[in-house]
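Trainee: Single-letter residue listing:
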Amino acid sequence: MSFPTTTQPNVLAQRMEGPSPAVAVAKDLARRGVMIAPASIVLGAVFWGTDGALSVALGLGIVVVNFLLAAAMLGYAARISLALMAGAALFGFLIRLGLITIAVLLVRNEPWVELVPLGISLIISHLGLLFWEMRFVSASLAFPGLKPPPNERRIIQEPEMNPVEQQEQL
Amino acid sequence: MKNASAASGAGYAYGLAAIGPGIGIGYLVGQAVQAMARQPESAGQVQTTMFLGIAFTEALALIGFVVFILLKFV
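From first to last, the protein sequence lines stand for chains A and B. Number 102 in the numbering used here belongs to position 102 of the first sequence; there are no gaps in the numbering. Number 194 in the numbering used here belongs to position 24 of the second sequence; there are no gaps in the numbering.
The hints are simulated quantities; they were obtained by calculation from the structure and are not laboratory data. Where a beta carbon is used, it is the ideal one built from N, C-alpha and C, also for glycine. Errors might be hidden in some of the hints.
Between beta-carbon pairs, the in silico distance windows are [claimed, not checked]:
#, chain 1, residue 1, chain 2, residue 2, range
1, B, Ile193, A, Val34, 18 to 26 Å
2, A, Phe47, B, Ala177, 49 to 57 Å
3, A, Leu68, B, Ser178, 32 to 40 Å
4, A, Leu105, B, Leu230, 26 to 34 Å
5, B, Ile189, A, Ala103, 35 to 43 Å
6, B, Gln209, A, Arg108, 43 to 51 Å
7, A, Ile102, B, Gly200, 25 to 33 Å
8, B, Asn173, A, Phe136, 29 to 37 Å
9, A, Met35, B, Ala177, 35 to 43 Å
10, A, Glu110, B, Leu230, 41 to 49 Å
Over 12 Å on every C-beta distance to chain A, these chain B residues come out as not near it, computed from the model [stated by the list, open to error]:
#, residue
11, Ala174
12, Gly179
13, Tyr182
14, Gln215
15, Thr227
16, Ala231
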């Protein structure tokens with residue numbers, strides 16, 4: 001007769017409590033999206049005119065709403081159970097891809113929509129915002145708002161003195 | 171004939187571009203959930219990493235979607 005030596009964690013019974021870090025990251029991404037919006041819209045206007053500017057704004061809006069929706073779904077599901085969060089991540093991907101498709105197909109025949117700047121803004125803003133966010137998240141992974149100021153980081157990064165050097169200084 | 175080829179190519183681009191990220195997100199989320207279940211104290215960090223991973227993986231599907239609309243409608 002053998003007894004199990006390890007216990008498998010039950011993902012159905014576990015859930016996350018407190019504020020969702022995904023929502024915090026998504027809000028940060030949305031804030032940065034608003035920050036880059038004027039420059040992106042101006043670039044769209046320079047290359048494709050007023051229609052290009054409107055299309056770039058639409059693309060940026062779709063990307064930001066996509067981030068917020070993804071984080072809201074993950075955060076809500078994680079408070080119920082981790083297994084539901086996995087389901088929300090997978091089906092959320094399909095649902096959001098479908099929503100993006102519907103949103104673009106609904107407006108594609110509108111006279112103010114240029115598909116090339118819309119597509120370019122979708123890809124570049126999505127990847128650009130993510131890479132920008134990565135710089136801050138890597139400093140303080142769980143909560144980007146808690147990134148230490150540069151002075152404190154410098155102190156942390158200084159190499160520790162070995163005991164012999166410490167005794168010499170004393 | 172040319173339109174039919176473009177339409178087929180667009181469909182394949184969209185479909186294939188959605189399959190890869192689907193597999194990637196499934197694997198990523200599975201591993202993340204296992205990590206959260208084993209170490210609940212680091213669930214916040216794992217969820218942040220998972221969210222960014224999902225978003226990066228989703229970019230592939232977005233690129234496929236953009237190729238689809240450009241092939242089909244431009």
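Trainee: Could you tell me which of the numbered hints above are not met by this structure, giving the numbers in increasing order?
Mentor: Going through the list in order, the structure violates hints 1, 2, 4, 5, 8, 10, 14, 15, 16 and respects the others.
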